[in-house]
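Please model the entire structure based on the sequences and the hints provided.
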Amino acid sequence: MAGRISDDDIAHVRERSPIADVVGEHIQLRNAGGGNLKGLCPFHEEKSPSFNVTPARGYWYCFGCGEGGDVITFVRRLEHLTFSEAIERLAQRAGIQLRYEQGGYVPGREQGERTRLIEAHRAAAEYYAELLGGPEAGPGRRFLSERGFERVDAEHFGVGFAPPDWDRLARHLMGRGFTAAELIKAGIAKEGRRGPIDRFRARLVWPIRDITGDVIGFGARKLLDNDEGPKYLNTPESPLYKKSEVLYGIDLAKREISKRSQAVVVEGYTDVMACHLAGVPTAVATCGTSFGEGHIKILRRLLLDQAEFRGEVVFTFDGDPAGQKAALRAFAEEQKFVTQTFVAVQPDGLDPCDLRVKHGDAAVRDLVASREPLFAFAIRSTISRYDLATNEGRLAALDAAAPIVAAIKDRALRQMYAIDLDRWLGFLNEQLVIGRITEMAGHAAPASAAGQQPRRAARPAPPRRAPDPADPGVRVEAEVLKLAVQRPALLGPGFDALGPQAFTLPEHVELYAWILGAGGTAQAGPGGREWVDRLLDGVPDATRPLITRMAVEELRTEVGGEERYGAAMLAALEAIAADRAIAQVKSRLQRLNPVEEQQEYNRLFGELVALEQQRRVLRDRAAGSP
28 MAGRISDDDI
38 AHVRERSPIA
48 DVVGEHIQLR
58 NAGGGNLKGL
68 CPFHEEKSPS
78 FNVTPARGYW
88 YCFGCGEGGD
98 VITFVRRLEH
108 LTFSEAIERL
118 AQRAGIQLRY
128 EQGGYVPGRE
138 QGERTRLIEA
148 HRAAAEYYAE
158 LLGGPEAGPG
168 RRFLSERGFE
178 RVDAEHFGVG
188 FAPPDWDRLA
198 RHLMGRGFTA
208 AELIKAGIAK
218 EGRRGPIDRF
228 RARLVWPIRD
238 ITGDVIGFGA
248 RKLLDNDEGP
258 KYLNTPESPL
268 YKKSEVLYGI
278 DLAKREISKR
288 SQAVVVEGYT
298 DVMACHLAGV
308 PTAVATCGTS
318 FGEGHIKILR
328 RLLLDQAEFR
338 GEVVFTFDGD
348 PAGQKAALRA
358 FAEEQKFVTQ
368 TFVAVQPDGL
378 DPCDLRVKHG
388 DAAVRDLVAS
398 REPLFAFAIR
408 STISRYDLAT
418 NEGRLAALDA
428 AAPIVAAIKD
438 RALRQMYAID
448 LDRWLGFLNE
458 QLVIGRITEM
468 AGHAAPASAA
478 GQQPRRAARP
488 APPRRAPDPA
498 DPGVRVEAEV
508 LKLAVQRPAL
518 LGPGFDALGP
528 QAFTLPEHVE
538 LYAWILGAGG
548 TAQAGPGGRE
558 WVDRLLDGVP
568 DATRPLITRM
578 AVEELRTEVG
588 GEERYGAAML
598 AALEAIAADR
608 AIAQVKSRLQ
618 RLNPVEEQQE
628 YNRLFGELVA
638 LEQQRRVLRD
648 RAAGSP
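When the letters of the sequence shown are read in order and numbered with the working numbering, they come out as residues 28 to 653.
If you are wondering where the hints come from, they were derived from the structure by calculation, not from laboratory data.
Computed from a predicted structure; not experimentally measured.
All the given hints hold, so there is nothing to weed out.
With beta-carbon atoms standing in for the labels, derived distance ranges:
{"no.": "1", "residue 1": "Glu163", "residue 2": "Pro374", "range": "35 to 43 Å"}
{"no.": "2", "residue 1": "His39", "residue 2": "Asp180", "range": "35 to 43 Å"}
{"no.": "3", "residue 1": "Arg178", "residue 2": "Arg583", "range": "50 to 58 Å"}
{"no.": "4", "residue 1": "Asp388", "residue 2": "Asp252", "range": "30 to 38 Å"}
{"no.": "5", "residue 1": "Gly60", "residue 2": "Pro374", "range": "56 to 64 Å"}
{"no.": "6", "residue 1": "Ser172", "residue 2": "Glu399", "range": "28 to 36 Å"}
{"no.": "7", "residue 1": "Pro266", "residue 2": "Arg583", "range": "50 to 58 Å"}
{"no.": "8", "residue 1": "Gly306", "residue 2": "Asp426", "range": "36 to 44 Å"}
Ideal placement from N, C-alpha and C gives every residue a C-beta, glycine not left out.
Next up, the structure:
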């Protein structure tokens, strides 16, 4: 395992990766004035550009979807990479050799090994693809053609042909400078009596890529009757290839999965090809193993599946008993998603590839569109095994399905499926069904249709109504915070002295507190990239997008008038705070009896006069603000 990338190298990568250049490689940017650039956001659909880049501070922010960050964040978000992967990608782009820090670690050794194995896989994939056009690959081309794939489709997915010789690929790669040990460690070859021999022979080969697009393994389908091996043969576990953490097609599908908030999980390589070509570009497949937790982590990262229903995962399985069992295995993993999960099963048992051949592209799209919630599929598949024409059969079906419903963590959803189960079984007795499920669940019964309510914790108080972000006062708060992030010297200690009561929007209060915690504007110096970096260092995830937005959004003043604008906006915010204080004092005065509570009344009246005088001064100072 590689060690931690050195801090100096991370800083070097940032320095050598100008944000305008990196972003400009993916989207078209145009001048937006004030030193900003603007373009169409790559992370959501939009017709007018709301994606802003500020090269001087090295940050980007989209005012449409609220995403933002620095050049590393952009690459991570675009390519769905970890922090280290993004650094490595940018370092490769800039021609920087990274150093790794870890106890007992030899810098560059393991990273150099990974690079060599990646290069060996890339060379093997190119060799396989080249051979697909040769005379020996006729059975492979025929296999693809019978399944509706043309040569251009094979090229798009990198499909190739493994020659029938024992060691032709191994000899080719060793001629390119790779060692036998490297080929064996990569899983491309295996140990033979006289040296390395090819792992795949006389087979159609699909390159398996990781999420960054690097080839890390292969899947091979047998073509000849005299091939005694399994129908599909995959690369063995290696330093690159972990089958429980690999999804075929993820490199091609990742952006569409993120954009559409949907992932379609199919069973085979040709199913992925068929789906993509039929207009379902979110399709991926597992590689020689059942769908599991490692695959869930990949999809959650792409779906932004954190704390709310943000999208859907659709499993497609064959309609035969084996396919139904696979769907039920997927059910066991379902609740590790927050997002919604569905099953799409073709009644006639056709997989997406065969469905496309027989009925066309529209049929594949219709299959995905006809998806059924995974919970419903699991329950209905279970009860279908019983004779529902008899009381004994219905009770047996209930006992078989009850554990499935009881396993649903969401209490409201569990209740709804309990009612559905009663209807599907034909009991018309919800209390009976709910009672049986309650026994399985081991906790209080859900509310019934008759109105029986479950025991529940005390209801929390309703949330306080949040201030309207469009309110002029809230906009002034935002302008002051923007100045504090972009041009802190214009505010100086006056900003630090405001106090949190000057802000009404909760996120504004949090950002103000964070700025003070970073030393306040009095300690920020001239601002710029260093100040923004200091604010982002260790910031809670909820506050990070707001800081990035404040660093990128244009100030509402002309260049050259920033100093007067800063003083005016600070005064305007103080005047608004004075307005609130005056309203509070007036409210208290109205509740007092000036005769019986004369002393308190006079004190508050004097406070009101002072506040109104202060407000007049502040309004005069703020008179020049827009």
